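So the chains spell out like this:
2 protein chains.
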Amino acid sequence: MPLKEDKKIVERSTRQQSSILEALYGVDEFKSAQDIHALLSKKKLKVGLATVYRTLQKMAEKEDIDAIKSVDGETLYRHCGQNDGHHHHLICSKCGLTITVEGPAIENWTEKVAKENGFREVSHKVDIFGVCKSCKKK
Amino acid sequence: MPLKEDKKIVERSTRQQSSILEALYGVDEFKSAQDIHALLSKKKLKVGLATVYRTLQKMAEKEDIDAIKSVDGETLYRHCGQNDGHHHHLICSKCGLTITVEGPAIENWTEKVAKENGFREVSHKVDIFGVCKSCKKK
DNA sequence: CTTTTATTGATAATGATTATAATTAGCAAT
DNA sequence: ATTGCTAATTATAATCATTATCAATAAAAG
Ligand SMILES: [Mn+2]
Ligand SMILES: [Mn+2]
Ligand SMILES: [Zn+2]
Ligand SMILES: [Zn+2]
Chain F
-13 MPLKEDKKIV
-3 ERSTRQQSSI
7 LEALYGVDEF
17 KSAQDIHALL
27 SKKKLKVGLA
37 TVYRTLQKMA
47 EKEDIDAIKS
57 VDGETLYRHC
67 GQNDGHHHHL
77 ICSKCGLTIT
87 VEGPAIENWT
97 EKVAKENGFR
107 EVSHKVDIFG
117 VCKSCKKK
Chain S
-13 MPLKEDKKIV
-3 ERSTRQQSSI
7 LEALYGVDEF
17 KSAQDIHALL
27 SKKKLKVGLA
37 TVYRTLQKMA
47 EKEDIDAIKS
57 VDGETLYRHC
67 GQNDGHHHHL
77 ICSKCGLTIT
87 VEGPAIENWT
97 EKVAKENGFR
107 EVSHKVDIFG
117 VCKSCKKK
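Sequence order for the protein chains is F and S. All the letters of the first sequence, read from the start, carry residue numbers -13 to 124 under my numbering. All the letters of the second sequence, read from the start, carry residue numbers -13 to 124 under my numbering.
Keep in mind that a hint or two might mislead.
Treat identical chains as interchangeable: a pair holds within one or across any two.
Think about it this way: if two alpha-carbon atoms lie no more than 35 angstroms apart in a straight line, the pair counts; the simulated DSBU-like pairs of lysine-lysine are [claimed, not checked]:
#1 LYS119 - LYS80
#2 LYS48 - LYS101
#3 LYS124 - LYS32
#4 LYS98 - LYS30
#5 LYS101 - LYS32
#6 LYS122 - LYS55
#7 LYS123 - LYS101
These are computed hints drawn from the structure, not numbers from a lab. Note that the coordinates shown come from a computational prediction; the quantities given were computed from them, not determined experimentally.
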């Protein structure tokens, strides 16, 4: 008789996951789990809050979406269509307008600083918050 | 009779504030409000938790101490003796070892990126997390 | 269809931070 | 030394985002 088979982790696709994905892809600002949940509710799509949290985290881990922490500690997610690799953000703290930026300059700098100090497995998070031009006018 | 005098906001010094200050100056790692509160309790110094929170925030606003957000969202404070101006940190996520670093490179970069995109009142927070040399050995 | 178990979701629990409101205590003037 | 003003403190309740539970549901495989 065969011993316990290797557990193979099966991925299952669900309507909930699709809904969440779709909702996030529909906006191009950073949104919190709560935001997305509210957004789905408004569309009469019933998805549990816990599921929204779980799904967004999982997608962020897989790097399918970007995650940042707002100034007041909330985790925000965003789908960054045009950009696959490592990058950073310039975010308007008034309206949420987000611009994706790349920077060999900082990449090199953090690398260098870390190396000089004998650090390994370094990660950095560089997000710039400010007020965009159109918000400045008001 | 004199009308109401200009309200002068008086700063009052208290034993609580001194205790908190002292506690923070005694360590050179980033500590949370809760950490400091526990630390004071251990020393039989009774200071309300709310007071610790308030005092640390106020000191951070005044730039007397540095504040960062840990990966899991906690606000951490540290007294950075040798450095007054704007700077960043290289932090060991295992042991908390913190190295203060300055970087004209990123300063210029963020400035440039912001300007190019018409952003104003920008602020950035660049903290590098990694594993220090001695932690790597273990 | 049946089995397996990943996934969901209602809800309770957590945990950091903040608000409240009554009490305490600097400090300048008397 | 005493008083008055009000900043500061503190115990406590309230918030609020996020996580843990765990029974119920439903993909995917056979
Ligand atoms: Mn980078
Ligand atoms: Mn800087
Ligand atoms: Zn804006
Ligand atoms: Zn270390």
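Verification of the hints:
1. LYS119 - LYS80: within (11 angstroms within a copy, 41 angstroms between copies)
2. LYS48 - LYS101: Both, since 27 angstroms and 32 angstroms are each at most 35 angstroms.
3. LYS124 - LYS32: neither (38 angstroms within a copy, 48 angstroms between copies)
4. LYS98 - LYS30: neither (51 angstroms within a copy, 44 angstroms between copies)
5. LYS101 - LYS32: For LYS101 and LYS32, the Cα distance exceeds 35 angstroms both inside one copy (49 angstroms) and across copies (43 angstroms).
6. LYS122 - LYS55: For LYS122 and LYS55, both the intra-copy (23 angstroms) and inter-copy (27 angstroms) Cα distances are at most 35 angstroms.
7. LYS123 - LYS101: Between copies only: 15 angstroms across, 43 angstroms inside.
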